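A.B. asks: Sequence:
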Amino acid sequence: MFKKMLLVLLGSVFLIVTQVQAQRCGIDAYTQYKISQDPKYAVRLTEAEHAIQEWLDANHIDTRSGGDTYTIPVVVHVIWKTATQNISDAQVMSQIDILNEDFQRMNADTVNTPAGFKPVAGSLPVQFCLAQRDPDDEPTNGIERRETTVTTFGLDDQMKFYASGGLDQWDPTRYFNIWVCNISGGILGYGEFPTGTVSDTYGVVIDYQYFGDQGTATPPYDLGRTATHELGHCFNLRHIWGDDGSSCGGSDLVDDTPNQGSENYGCPGYPKYDACSPSGDGVMFMNYMDYTDDDCMNMFTEGQADRMWSAIESFYPELLTSDACEPFILLALDAGVTDISQPVGQDCDGSVTPVVTIRNWGANVLNSVTINYSIDGGSPNTYNWSGSLASLATANVTLPAVTAGDGIHVMEIYTSEPNGSTDMNTMNDSGETTFSVFNTGVSVPVEEGFEAAAFPPAGWSVNNSGAAYGWERTLEASSLGDASVWVNNYDYNDPGAEDDLLSIPVDLAGMSGPLVTFDVAYASFKQGVVERTDALEVLVVTSCDGIATSVYYKEGDDLDTRTPTAFAFTPSSSQWRTDSIDLSSFIGEDYVSVVFRSINGYGNNLYLDNINISDGLANAIGDELRNAASVYPNPANTELVIEWKGTAATGTIQLTDLAGRTIWAGQVIGSNNEIIRISTAQLPAGIYTLLYVAEGGSVMSEQISVQH
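In our numbering, the protein residues as written are 398 to 1105.
No lab work stands behind these hints, which were simulated from the structure alone.
A quick note: this is a predicted structure, and the numbers were derived from the prediction, not measured.
Idealized CB from N, CA, C, for every residue including glycine.
Hints are supplied without guarantee of correctness; some may be wrong.
20 Å max Cα-Cα, derived EDC-like pairs, lysine to aspartate or glutamate [what the hints assert, rightly or not]: (1) K478 <-> D425; (2) K478 <-> E544; (3) K478 <-> D568; (4) K951 <-> E1036; (5) K478 <-> D553.
Pairwise CB distance ranges (calculated) [claimed, not checked]: (6) S813 <-> E869: 49 to 55 Å; (7) S676 <-> S520: 26 to 32 Å; (8) S520 <-> V752: 50 to 56 Å.
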């Protein structure tokens, strides 16, 4: 059954627990729990449903009819307190076999599908397998076990974290995660609907008594269909009756499932009629997304298969190309570089001490290896490492220091001659890192629009608090050109976390009016009474390892470039603002790095573009702006007028105070003899900066005096 509707409101049927029902599945209560913990979850579900419908409209079944079968690696986390709960490997394997049979419609009980429903029976081209490589690329059987002190787990995901007695999720873009444990309240299991955000709780949880078809599997839920049902939820299937409390008005958002009033239990006789389907084939009680006994279930529909495939391709497509099920083959001698922790970013004195992590990928113990390292393609230095490194073990090696001059450099490090012999696999031997050395800064102007694919740009660096989020380049939005940088604060839930983007150091010696300008776009998060905001701080560092001085801070309304929203913010071309900061107090410093710091408040996305560091205020002395436009009166009383002489280049113009706060901002549209009027009647008397930034990046400014 399907109604053409998108689930926009929190009150939509798929989010509501509408009746008291048996605890075969905990997804309704779990979804309510997720929303209570994070109001953004409801918004993400709505956005995910839009994405699914767009995918289905564009693709439908043809995209999965090519005959290929895709492998999805699975890790099963077994968490046990009693020996009985520590289910066997064989029981785990039986569940994997059942999933493959059910999803590919190779289950023996397809013969029980009524003739009226067989034409719409569907399958997915997926093969589940227990992972053979763990997240560290070491061999595994795909089963992880932990003895816990926790007697029972609820719907609050505690089994998914080691700190609360469970086991941490493996990378959900590489593995499908299943947790098996003792669930309280008689719940057989629960899944998590996918969203556009990679979730650290994504996967299914199954009670140990209802997993697989042997060992502890307990009738009438002893054929592994609980996991089949819950994986359906993880792939965005709803309950077949639409969770509508028997009103016949709900929907599972699938065309080829009949309307159904409520869930079924046991194993009804066919045909089974209700008020929603009172004739024909009746309700599809044998569907995996109903609540009947395991031996009564035997089918998904083609529409459900389409919906599941759309969810995998839309939200976790990496699962289809993961290498985690590829057998791990060890060669006898195979050493390589896995990480270079130093040098990175900016080095302060030019004496570079590399730190590299080597790994023994071979089957034999590694007793020696040559480590080669060079700067900018020069002659390599060599270091002969010796020790005893077991198969798949790693070692951090500090190499002798080398000297690098001012500038931006690339260091390559590679291994050779493990145990004095030929390396049997050279594909993993090498790595490289980019770093910079600046005892003095580069000359201004510096203009950065992040158009080049490399990030951070040469000479720039990032210092992100965590691996998952921080400053990144994006092509989703820009003030000018195709790219910008952003921090995904919408999904980044770590209030107080600071992520820094550091400019290439510049030399302000001899400057008369240094200035930094940048385009910013931001919208606070707001849903009902819940409002969250992040902050942007700009700091200046005057030596490589010096103390930062704050020169700009905005949050909330001061930072917003549009009204707050409940949805993830992507700015349009009109939702950017140009801000400027006077750097005159740093004149004479020959090393100045501007730091753009995002301070997380779990609010919304923050974007920067077109960062320009120049001697911009010197243009006021050079009369550059006055040559392009008449700016009068100066001093101003109630109004300031800018009258262009001819046609100005399209750009932005703003009035800022001495603290860098934007008092007024507007657009220059580029018409002939354009006139812009700025009211100054309510401004405190004082000195202001009138700043014009053309789209090409040129900056002109003039000091304005306001007197009353």
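A.B. asks: Indicate, hint by hint, whether the structure satisfies it.
C.D. replies: Okay, the hints, checked on the actual structure:
1. Annotation: proposed proximity of K478 to D425 is violated, straight-line Cα distance about 27 Å (limit 20 Å).
2. Distance restraint check for K478 and E544: the Cα-Cα separation of roughly 6 Å lies within the 20 Å cut-off, and the hinted pair is therefore satisfied.
3. For the proposed pair K478 and D568, the alpha carbon gap of about 25 Å is over 20 Å, so the pair is violated.
4. The hinted pair formed by K951 and E1036 fails the criterion: a straight-line CA distance of about 27 Å is larger than 20 Å.
5. Annotation: proposed proximity of K478 to D553 holds, straight-line Cα distance about 18 Å (limit 20 Å).
6. For S813 paired with E869, a C-beta distance near 35 Å fails the hint of 49 to 55 Å.
7. Distance hint check for S676 and S520: the Cβ-Cβ separation is about 28 Å, which falls inside the suggested range of 26 to 32 Å.
8. The hinted range of 50 to 56 Å is satisfied by S520 and V752, whose Cβ atoms lie roughly 51 Å apart.
Violated hints for the displayed structure, listed by number in ascending order: 1, 3, 4 and 6.
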